[in-house]
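Required output: the full structure, derived from the provided sequences and hints.
Mapping of the sequence shown onto this note's numbering: residues 1 to 182, in sequence order.
In case anyone wonders, no lab produced these hints; they're calculated from the structure. Heads up, a few of these hints could be off.
For lysine to aspartate or glutamate, the following EDC-like pairs were computed, each having C-alpha atoms within a straight-line distance of at most 16 angstroms [to be verified]:
| no. | residue 1 | residue 2 |
| --- | --- | --- |
| 1 | K57 | E117 |
| 2 | K57 | E39 |
| 3 | K57 | E15 |
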Amino acid sequence: MPLAPAFSFHRKQYEQQGFTILLNAARPVLLRQMARIIERACEEDFIEGDESEHSWKEIAIDPPLALSEMIAGFDVKHLLGGQLGRSAHWLNIYEPGEFIGAHVDAGGDMQIMIPIEMPPPFEGGELWVNDKECILPVALGDVLLFAAHRVRHGTTAVRSGRRVSFNGRMWLRDSTSASGRH
Numbered sequence: 001m002p003l004a005p006a007f008s009f010h011r012k013q014y015e016q017q018g019f020t021i022l023l024n025a026a027r028p029v030l031l032r033q034m035a036r037i038i039e040r041a042c043e044e045d046f047i048e049g050d051e052s053e054h055s056w057k058e059i060a061i062d063p064p065l066a067l068s069e070m071i072a073g074f075d076v077k078h079l080l081g082g083q084l085g086r087s088a089h090w091l092n093i094y095e096p097g098e099f100i101g102a103h104v105d106a107g108g109d110m111q112i113m114i115p116i117e118m119p120p121p122f123e124g125g126e127l128w129v130n131d132k133e134c135i136l137p138v139a140l141g142d143v144l145l146f147a148a149h150r151v152r153h154g155t156t157a158v159r160s161g162r163r164v165s166f167n168g169r170m171w172l173r174d175s176t177s178a179s180g181r182h
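Here it is as structure tokens:
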């Protein structure tokens with residue numbers, strides 16, 4: 001399923017606001033593959049984030065085939081003016097009370113975020129941009145693309161349930177931006 005028309009439609013929003021949401025762009029096969037990765041992950045594999053304004057768990061992963069195919073279908077050259085080079089991928093898990101505070105990422109040209117698990121009852125854990133001016137309504141199956149290296153962002157605290165999201169940081173070929181997650 002090519003996503004180029006969605007990118008063309010949302011390019012202006014991405015350029016002006018630093019993000020765009022592709023509704024229902026994650027196919028069910030991708031969500032199932034991600035759920036299997038979560039099931040196989042051992043608790044000791046997770047990194048505990050607990051900085052002054054950050055509290056979450058994360059684990060580095062290899063992207064499943066369905067994700068690689070989806071990303072390959074993105075018209076990144078049209079959206080960002082280049083071709084994808086290297087990337088880093090991880091899962092974030094937020095339990096009640098956990099969140100990630102305001103920050104701008106140190107590197108990458110584009111970030112992708114796909115909610116994988118938000119079991120009911122689920123409250124909180126929303127991603128926001130621009131100092132909480134804009135809470136992004138990203139639902140299961142949606143794909144968020146954003147310029148995490150230039151847009152201030154964070155999440156609200158999870159109040160109930162658990163939020164699991166896939167995150168990927170992508171660099172354009174010949175990019176000089178810094179590496180790392182945060």
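Results of checking the hints against the structure:
1. K57 with E117: holds (14 angstroms)
2. K57 with E39: This hinted pair holds, its Cα atoms lying about 15 angstroms apart.
3. K57 with E15: violated (30 angstroms)
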